[in-house]
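Read top to bottom, the protein sequences are chains P and V. Reminder that position 297 of the first sequence reads as 297 in our numbering, one-by-one numbering, no gaps. Reminder that position 93 of the second sequence reads as 93 in our numbering, one-by-one numbering, no gaps.
Since the hints were made in silico from the structure, they are not lab data. A quick note: this is a predicted structure, and the numbers were derived from the prediction, not measured. Hints may be right or wrong, so weigh each one.
[As the list claims (entries may be wrong)] The calculated lysine to aspartate or glutamate pairs, modelled on EDC-like cross-linking and capped at a C-alpha distance of 16 Å, are:
| no. | chain 1 | residue 1 | chain 2 | residue 2 |
| --- | --- | --- | --- | --- |
| 1 | P | Lys149 | V | Asp307 |
| 2 | V | Lys123 | P | Asp60 |
| 3 | V | Lys221 | P | Glu81 |
| 4 | V | Lys221 | P | Glu83 |
| 5 | V | Lys221 | P | Glu82 |
Listed here are the chains, written in short residue letters.
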Amino acid sequence: MESLLNVQNLVTSFRTADGKLPAVRGVSFSVQEGETLCIVGESGCGKSITTLSVMGLLPDNGEISEGSITFQGEELTHKKEEEMRKHRGNDISMIFQEPMTALNPVFTVGYQMMEPLHLHTKLNKKEKKSRAVELLTQVGLSDAEKVLKKYPHELSGGMRQRVMIAIALACNPSLLIADEPTTALDVTIQAQILDLIDDLKRDLGMGVVMVTHDMGVVAEVADRVMVMYAGHVVETGTVEEIFENPKHPYTKGLLASVPNVDDEEHSLEAIPGSLPNLNEKISGCRFHPRCPFATEKCKEEDPPRFQISNQHQSKCWLHEEATTNESRHEAYS
Amino acid sequence: MVGLIMKRFLQLLLLLVGISFLVFMSMHLAPGDPATIIGGPTATESDLQAIRTDLGLDKPVLVQYFDYIRGVVQGDLGFSFQNNQSVSEAITSRFPQTLNLAIASMIVAIVIGVPAGIISAIKQNSWFDVSSTTVALAGISIPNFWLGAMLILIFSVELQWLPVGGLSAPFWTIEGMKQLILPAITLGTASAAMIARMSRSAMLEVIRADYIRTARAKGVKRNTVVWVHALRNAMIPVITVIGLNFGFLLGGTIITEQVFAINGVGRLMIDAIAARDFPVVQGTVLLVATLFVVVNLLVDIIYAFVDPRISYD
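Only chain V is shown next, with the shape it has when bound in the complex (with noise of 0.2 Å):
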């Protein structure tokens, strides 16, 4: 296990250096201009040219990458260039806002997705199977935005029982939960379908398996036969998939961040790219890329512990 998280860690750095190498080069190849942005329509070219040098942008690129990365080991992933707020402080401020909003939709996803998954398995082809894998294709196919509008639309709008957006009160508190609702919900709803299709296949396969006939043949009840010998052998496939998820969530949601006007690390950097602002955007851009690495090893050692096959020693 000791072994697997050292490599893993390894495998990240060289990831990291991959990934900050690509965004530095396509950020600076990319047509655009950080300092007309911070100048502004009225500055001149000299205004242009020292904005430039105060901010290094003189320097050949390759100069630039490995400053960057000096700062980058020594923890400093920079400043922005719109407001001179360092990058750890615009990424830290942020970061709690998706980490509540991809843990909630994880909690709808699962808690939505397994159960439908499984009860379709065991009652294939019944009204209830049908029905659920037809709202899960619904699921995956709606787009998000679309969703985020009509739940703002009848919860907020019409009804009014839900905030408009935001995310701002503390998620323990009632506010912070209703405001939860809605983008959680928005974003859940395709991975639930996800999960819900991948719970269904991988419990179809694992009910015909030779273990639960042995299961029913020692007596053991028809529920403890579904949620306790077949489930566990059924959840690596969903694992992964919840896995998976949780690392494009953890890296922010563009979309449903703007929807809810939740001030999230999507957002951070779609206003980041935006204004050319390099720092901030290798800054998200590296921490999507650890997260994502940590869920994935982290999923590996849940496998280890529902799987006694499964032994990275």
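Looking at chain P on its own, in the form it has when it is part of the complex (with noise of 0.2 Å):
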């Protein structure tokens, strides 16, 4: 079956002063239809800009150098901005992290629902208004008439946030991408807005990219887990896999380091050191200085991705016995 979103190894780099430096270092992943994938990772491991670059809205420095991007089986990649420009907010939607910041101040929440609308549809502007009530409506905001004069700042951050994903959904996107939707919300209103966003992807069948950092976030909306270190794709597997067999150490880590209320015993564990610079030179594994298991063979080479079930992979020299070689570069559905 052919993928909705089939990224193979991107390469995204940014042009600074140091010269090119690599963000993303040959990420490779795929999303079906009415599935969610999360991409959990530190900040700065280049889950954003991987979001970006499907979108095509990398800053201006940015750029993809190598790989593919194929949606619906359209590579993206070498498409005009132009030709970008008309899947954006219509068949690819993204919502972001800061519902405070995100929303233009000096237009109406009217005005912002109903631009991707007149962008993207032939709808006259009685049609394009009880559209923006219907989706409104459908994200939880009662009152739909009056929100749609509303101005931003007049909202909560939960209810801009709600304003934000009815935007995103109001051209039918066949692919969200969420960056950290509910980063910036109270907890209660966290709940609901994954809620929201589980509930339209199994209404509308989107697929849904999901960045967090949050491993709560994942475990509540993951189909699939993708977790990233310093622009490597380390470990990728579904979500019951992910938590119940973590294989990467930096997965392991990154588990440790949730609080857990149930077992009065945990102990929180942070993984040491921080997320390399883009421009540390670093031989072998990029994990390995901060790995507590890493070995000589880990300081040299840099290791390929060992298949531990049919959709688990680790790229970690330690389960390198349990794969062969010939399976270690299977693309993984």
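Taking the hints as your guide, dock the two standalone chains into a single complex.
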């Protein structure tokens, strides 16, 4: 079956004063219709840049240097700005982290909601308005007519994020990319927003890529999980496999740093050290300086991805025995 | 909004009282006697005394001030010492020229400054940006009188395209427009430069905002992102600069009016100061202060229209 989104060997670099630095180093993943893929990792690991690469919204000094991104079978990396623009907000939508600043303060909610409808559909003014009301109701905002006339500063953070989601859903996207959509919200609102995205995904059959650093969010919404570290995918698997049988030392570290109230003996374990800079040259595995299990081989050779099970892969020498060479680079669906 | 206007009006009254007092006192305390100027070099001491009595200058200064204020409250700004013309008349006959010039200069400044600043910001570090910021720096640094003189030399004396000076024809006639062009450019250049710099920095800040990324993620065209989503957000500081500049220009621009032989408020004031014509000086200063406050009030009102987060209720 053809994937909704298929990213192969994506390398995204930034031109800086120190030369061209890769922020995403050969990332591959795919998303099916009706599936939620969570991308997890520390801030700066390249997860947001990966999603911005898909949207074609990289900052001016960023570029996709290698790899391919296909959406519904169409290659996106060679598309011109105008062609990409027609996808954005239409069949590929994105919601962002900061609902407080992601809406334009000087335009009404109505104006901002109807803009994608105006750009991507042929609806007339009245139809656009009724669609906007329908969307706001769908994302759980009562009194939608009134909300349309409001300015963003007149809404709470949770309401603004609902408006953002409504805008993203305006043209019935096939793929929704959510970059930490709940990080800036209160915990109670977080759960509501996650449920909302989950419900909408089910109802509309969208594929969802959710970027987060919160393992709690992952457990709640993910079908599959992709763990990123320093621009690489270090582990990927179904949500059950990642939580019950994490393989990569970094994934284990991430899970160990989540508080657990049920287990009084459980002590929080921080991963020692911090994420390397983009321009830092590290031989072998980029995680080895922080890895408690690092061997001599880890310092010298960058590990390939080893197949643990059908959908589970780990980019760590510790799992060399678990697999055969033939299946190393096999694409996972 | 009504509250704001009322508040500003009260502030204006206080301000005018303060300014009139300061100007009145500084004029009277400064050396130079209007009577000697009016009487001329041949006047005797008794002639001078007669002139002083006639103008009320023999009374104590505070009494003179209160007499003056009493008149102002009744709408009487007094009479010029020089030609006995009423001060209100002198101002109303000169103000249209100053207003024409101020509006024309602001149009020049906005039409050049805003687009230049915005294009500079969206093409940061391009050749356009570098040259426009350089020109803007030059625009702020070049003295008015020099720029005016150079423009006259080139366009009036050498090429003979435009008149050397004066602002006699109404601005809606071809002749009037021709007369306005050079002084408007002379005056507008510095404002254009300031507006360009402010637009550029405001735009640079806005263009990196999250809501700009949101707009692009919705599939909004690049031009619409810049000229609709970003511009309105970047306008607040630019409107402030425009308001301040317009306030200054309305106060009459002494040098440019002098260079282009325009009989505006600026020249009226400078001539009155030289002649120790107290009532005219005070009248023009009060006018300038009032206009400044009114323009700033307008700016505040415009803020509320541009940015819905600003409310005066």
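Consistency of the hints with the structure:
1. P:Lys149 to V:Asp307: Holds, at about 15 Å.
2. V:Lys123 to P:Asp60: holds (11 Å)
3. V:Lys221 to P:Glu81: holds (9 Å)
4. V:Lys221 to P:Glu83: Holds. Lys221 (chain V) to Glu83 (chain P) sits at ~11 Å (cutoff 16 Å).
5. V:Lys221 to P:Glu82: holds (8 Å)
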